[in-house]
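**Q** If you read the sequences in order, they're chains A and B.
The numbering used here puts the first sequence at residues 1 to 114.
The numbering used here puts the second sequence at residues 1 to 115.
These are calculated hints, taken from the structure and not from any lab test.
Short derived list, chain A residues pointing at chain B, Cβ under 10 Å: (1) Val4; (2) Arg96; (3) Gly108.
Label pairs and their computed distance ranges (CB to CB): (4) A:Ala39 x B:Leu75: 24 to 34 Å; (5) B:Gly59 x A:Glu3: 18 to 28 Å; (6) B:Gly16 x A:Gln101: 30 to 40 Å.
In silico EDC-like cross-links for lysine to aspartate or glutamate, where the CA-CA straight-line distance does not exceed 20 Å: (7) A:Lys38 x B:Glu5; (8) A:Lys40 x B:Asp83; (9) A:Lys41 x A:Glu84; (10) A:Lys41 x B:Asp83; (11) B:Lys102 x A:Glu67; (12) A:Lys41 x B:Glu5.
Please read these numbers as outputs of a predicted model, since none were measured by experiment.
Yeah, the Cβ is synthetic: ideal placement off N, Cα and C, and Gly gets one too.
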Amino acid sequence: DTEVTQTPKHLVMGMTNKKSLKCEQHMGHRAMYWYKQKAKKPPELMFVYSYEKLSINESVPSRFSPECPNSSLLNLHLHALQPEDSALYLCASSQRTHSNQPQHFGDGTRLSIL
Amino acid sequence: SQQGEEDPQALSIQEGENATMNCSYKTSINNLQWYRQNSGRGLVHLILIRSNEREKHSGRLRVTLDTSKKSSSLLITASRAADTASYFCATKPNAGGTSYGKLTFGQGTILTVHP
Numbered sequence: 001d002t003e004v005t006q007t008p009k010h011l012v013m014g015m016t017n018k019k020s021l022k023c024e025q026h027m028g029h030r031a032m033y034w035y036k037q038k039a040k041k042p043p044e045l046m047f048v049y050s051y052e053k054l055s056i057n058e059s060v061p062s063r064f065s066p067e068c069p070n071s072s073l074l075n076l077h078l079h080a081l082q083p084e085d086s087a088l089y090l091c092a093s094s095q096r097t098h099s100n101q102p103q104h105f106g107d108g109t110r111l112s113i114l
Numbered sequence: 001s002q003q004g005e006e007d008p009q010a011l012s013i014q015e016g017e018n019a020t021m022n023c024s025y026k027t028s029i030n031n032l033q034w035y036r037q038n039s040g041r042g043l044v045h046l047i048l049i050r051s052n053e054r055e056k057h058s059g060r061l062r063v064t065l066d067t068s069k070k071s072s073s074l075l076i077t078a079s080r081a082a083d084t085a086s087y088f089c090a091t092k093p094n095a096g097g098t099s100y101g102k103l104t105f106g107q108g109t110i111l112t113v114h115p
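Here chain B stands alone, though its shape is the one from the complex:
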């Protein structure tokens, strides 16, 4: 079962605007990752944030993690048409359980950036 829930399910913006996607999860995690998937392609890793980190940046990407609320957000600043894709959060559980080693994906957000 997929433990991650993402919102919005779809987001449509103009080039240059910022895009924010949210992810919630249910169990304790070791880390949370964000992936992008262009239509008809595989997933591309964007950024990983560990459970003891609160914020991380990579280029135009900013990820926050709030373990008390079991939620994360991905912000893409100054969006471009090339950012059009599906974005998935994925959680990796802590050691010790039967799920250890697995990556569980959220439902995803479809982002459309209009030129």
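Pulled out of the complex, with its shape left as it was, chain A reads as follows:
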């Protein structure tokens, strides 16, 4: 079991659907991250939140919209996705963005776009 919980574990959606991915941690971490991972590739950073504020956006298309409603929750809203967006979406958290502490990852949401 991981300390970062992601829901749902699997999601299949059409290109016109709107859905959201959810991530939750209760370790008191103030930095949270979204990564995208394609098969047999490393995770690619998408967004970083620090103290509930967006601090890094890695030029992610606007069809991905992050939200951090409080220090324990991180959402990723999806709209009008493309087939190439099919991937494993990983959430992670750490004490602070600038600390020497590691990131803790959830098990991800495997997203398939039809």
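With the hints as your guide, set chain B onto chain A.
**A** Chain B only, in chain A's frame:
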């Protein structure tokens, strides 16, 4: 872009043997971390080595860091079938740049340990 390069890309060994994976990076770093990922799961942190450290141990893991060569190695001793996974190095840059706070992952090594 991913600055870390790892080799080998894949490694297949027998149980009990040692496994060594290497990682190279391009920019100056604050620390370097190693993560393991089992198939279909998230990443699990293994070990962190700071830029002023040269070697670190944790159980059967030994990590070295050579900042002059911008490289690191992960040694797993007496491997077990349960060590079968993908292993990624990840670098955290020094303060001051636009990348500060980001973790950049290498391409990874797929390790298979045969019973």
